Amino acid sequence: MSMYFTKEHEWVKVEGNLGTVGISDHAAHELGDITFVELPKIGAVVKQFGVLGSIESVKAASDIFAPLSGNVVKVNDALELAPEAVNESAEGAGWMAQIEIANESELKNLMNQEQYNDYLKTL
Amino acid sequence: MQLIYEQSVPGRRGVKLPASDVPAAPALPTPLLRKEAAGLAEVSELDLVRHFTNLSRRNFSVDTNFYPLGSCTMKYNAKVLENSAALFATFHPMTALLPGGVDFCQGTLGMLHDLGLLLAEITGMDEVTTQPLAGAHGEMTGIMLIAAYHAAKGNRAKKKYVVVPDSSHGTNPASAAIAGYEIITVPTAPYGDMDLELFKKAMTDEVAAVMMTCPNTLGLFNPHIKEISDIAHSHDALMYYDGANLNAIMGKVKPGDVGFDVIHVNLHKTFGTPHGGGGPGSGPVGVKKALIPFLPQPRIVKDAAGILQLETTNPGTIGRTANFFGNFGVMAKAYAYIIMLGGKGLIRVSEQAVLNANYIKERLKPYYDLPYDMTCMHECVFSASKQLAHGVHAIDIAKFLIDRGYHPPTVYFPMIVKEAIMIEPTETESKATMDAFIEVMIEAAKTAESNPQALLDAPLTMPISRLDETKAAREQNVCCAW
Amino acid sequence: MNDSHYCPHTPEEIAEMLSVIGVSGVEDLFAPIPAALRATTFNLPSGMSEFETHGRMQAIAGENSQGMINFIGGGFYDHLIPSVVDHLSGRSEFYTAYTPYQPECSQGTLQALFEYQTAICRLTGLDVSNASLYDGGTACAEAAMMALRITGRNKIVLDGCVSPFSRQVLKTYLFNLDVEIVEIAPQSGLLDRAGLAGVLDDSVAAVLVQNPNFFGSIEDFSVLADQVHGVGALLIGSVYPIALGMLKSPGEIGIDIAVGDGQSLGNPLSFGGPSFGFIAATKKYIRNMPGRIVGETVDRNGKRGYVLTLQAREQHIKRHKATSNICSNQGLCALRGLIFLSSVGKAGLADLARLNRDKAEYAKAQLAGIPGVSVLQSAVTFNEFTLVLPKKADQVVTALLEKGIAAGVPLGQYYAGSENALVVTVTEKRTKKEIDLFVRELEAALCN
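Line by line, the protein sequences give chains A, B and C.
All letters in the first sequence, in the order written, are residues 0 to 122 by numbering that gives the first Met the number 0.
All letters in the second sequence, in the order written, are residues 0 to 481 by numbering that gives the first Met the number 0.
All letters in the third sequence, in the order written, are residues 0 to 447 by numbering that gives the first Met the number 0.
For reference, chain A alone in the conformation it holds in the complex (with noise of 0.2 Å):
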């Protein structure tokens, strides 16, 4: 199991053809407290880049972006009623969806962890 990120702060972790995908901790940290989490319906399909869902704090709102193509299989509902759980724990608790991942060769186009903690230090 290994986990990667997107420019944009995503992570996707995979597990055989699954993907579960989240924001990392450094997105979570600079939004600040988040005050809700818009997931995308199951049945979904996603491009990767494309716009998975989006996710709000008080001041600020992104879009979140699919690491990866597939089919949206499973989300996470308890961020609607609980959306701190982002801050608590962006990759672990915090997760959003999880993909049937279509195509591994994306794989590719995302960073792993040291490239992206090197990135992160670009910023």
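Read the hints as simulated data drawn from the structure, not as lab findings.
All values reported here derive from a predicted model rather than from experimental measurement.
Don't take every hint at face value.
Unchecked claim - On the chain A side, residues computed to face chain C include the following (Cβ under 8 Å): (1) GLY42; (2) GLU55; (3) LYS58; (4) ALA59.
Every residue, glycine too, gets a C-beta built ideally from N, C-alpha and C.
The hints should help you fit chains B and C onto chain A, whose structure is shown.
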């Protein structure tokens, strides 16, 4: 403070209605009736008066406090304007729409028509519609006029984009989106204006309009504005002028002279009408000749005999943008303001607004980071970046000012300035008021170094301390529970 | 030289400020504007004192005919306004403040708007309200755009009995978006229910109705609400707030989004504005609401207070993806609405509604007694009703204007084939004497 509903006593009333002088009508069928009366307040007149008087005392306002809220032009609102607007309270707008009705409304229609002429002269436009109800409503109307212009030339499908600088008001892209456009955002260059080279790259024949605020939200006049409009016009894109900052340039430069085709004017900013705690505003839109065929209807026109008429048969019109003739009461105040100040008075307004902003800018420059250090127009934008080193944000400085009796400047806008503090003193403030404000701003900067916690704790003198906005957004209690 | 007391500096002060800035004259500050772009003319009047200004405004007001007896409505209504409304909304702490961005020094405005939202929720029987929109017409358009977002569909069905002005505003708003608008022509002043059923399917985002409608008719839309919900669409209802003192509330009907014009709640006619638009909806749609919303919260000491909330919906954060472009709203007019409703109160609003209907029913009976005049007898009405005259309503209305009576709104210019129809409005302000005079004058006009 208690809510008005928490003071309710069943059966209590705040006003007595006239007795009926006609027979009671039989009741309506039950299925049409509400089951129980709406749960409105039940209070005496005195309870009501105390409640709202005490509520009002929990506000800062122009009449009680210096209010240098950038981009909002919080100038003093002359009291005579209130008296003048009240003269029109009893005129029903529908009268003018009745057959033969315009004959009975020549005063009000004439005032709207004259206001249009005055605004056209101030902005360098050919005709003005007074229908839009606020600045953003004017923007939407203006961009719809541009869409109609392109459609009439058969270019509606081809023209897909509206270009805005990244320093623009959020209403610009939001208004363009309602008019069906996609947005291209051009970054600001280090010299404080839209990056000219990037703008040139963004411009194609698919661009329908360029929306500019000039002076921009950094308070800077764009010296390349004519070049920008020439480039836009070479692609048959029209130039839209966001009139939010018109207070800086009256009599100095006319947007219509420098290539703008459409403009909205915020009467509640430049023309001295009160802001009402959030509105009502008024956003008349001026256009160049080529756009007149598309103006909203009913359009007020003067016939050959000098009688004002309502034109409702123009096939090119974008239609109606509001139910009647716009926010007439607000426009009556703006009209009175313009004729009272006159041409010279308005020029003096702009001169002193610009003088005041530059004075504050120079005095505060040693204490706050000024990311774009040049002569500003009606407002200046600092950054709290120096204070950030001590853990103090722009919002903390704002709260400190509240404790000293000042309404804070606009903070965190424009978004392109980190920790922005946007100060617009307006022309109506005295030097003494500004000097006192400057001293408090300096004190805030010094306190940020010596005792940052004092800023983080502010305000301490208000009925309440800082509020938990996250709780409000998560819980969404927007109406008093029963 | 200091001819404007609104610009207070003395020449000495100006000189001092210029020296701090380091320029020799005010004109130097305009140097960033290229010389070639400078204005060469500025042909405006020369200015005058406030006394002369007010005199000029009095002269303008005097050019309108005074003391017209209004039997016209069509969205704006001639109602009583308790004195407290002017006095309290005229507190300059309210009217010279702006949008309450800084909550600690704006609790007056914020709490008042929270109380306003509460009044609108209770009046409409719905869960959430915003802090006001521009007017009733734009509120219809905003509600339609809200329904398009919520359903992801692109068709709006309009009942032709909705105010033609509101329908026109809605069409202007939606013209550039990829939206299909279907209008159902009225049937004797009522919604053509069969016609509506014919177009109602799962492509419809919302159906917009009005109650009472432009003809004055009151309808029971409860069954319609079920039908609309049955295809997954929303029902938007434009309502007249004074009538809600009596009529079934939008919430009881099953309306999802209620809108309307708040002019009748303590705002003067003022030749059409400013008034305010209101919008209320069921709680699940709160994130799709346009405009400012005030929410309750606590301060650092746990004390109750109010803030602007859910701002991430709005244009200053979400820019082109915002739920609306609205920024300034009609806050002061909404405050007037709140003061009006709190003054009239729970029982008072019901009394006021009854008074309106009693007067209108009296007028209706008297007018229907005129030979050749009949009432468009299709539905029950509140304070507006449609008469069918034996001749063109336009001529009659023009004739009565000369007598100082605004007799009603002729329907011919809004509905083809209705040239003889006249919508008459009778509010609580009309006395029996005025109504009787109107009846006599109408009868006389019809004989001519």
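Results for each hint:
1. Because the smallest distance between the Cβ of GLY42(A) and any Cβ of chain C comes to about 14 Å, over 8 Å, the interface hint for this residue is violated.
2. For GLU55(A), the suggested interface contact is upheld, since its CB lies about 4 Å from the closest CB of chain C, less than 8 Å.
3. Because the beta carbon of LYS58(A) sits about 7 Å from the nearest beta carbon in chain C, less than 8 Å, this interface hint is met.
4. Hint status for ALA59(A): holds, given a least beta-carbon distance of 6 Å to chain C, under 8 Å.
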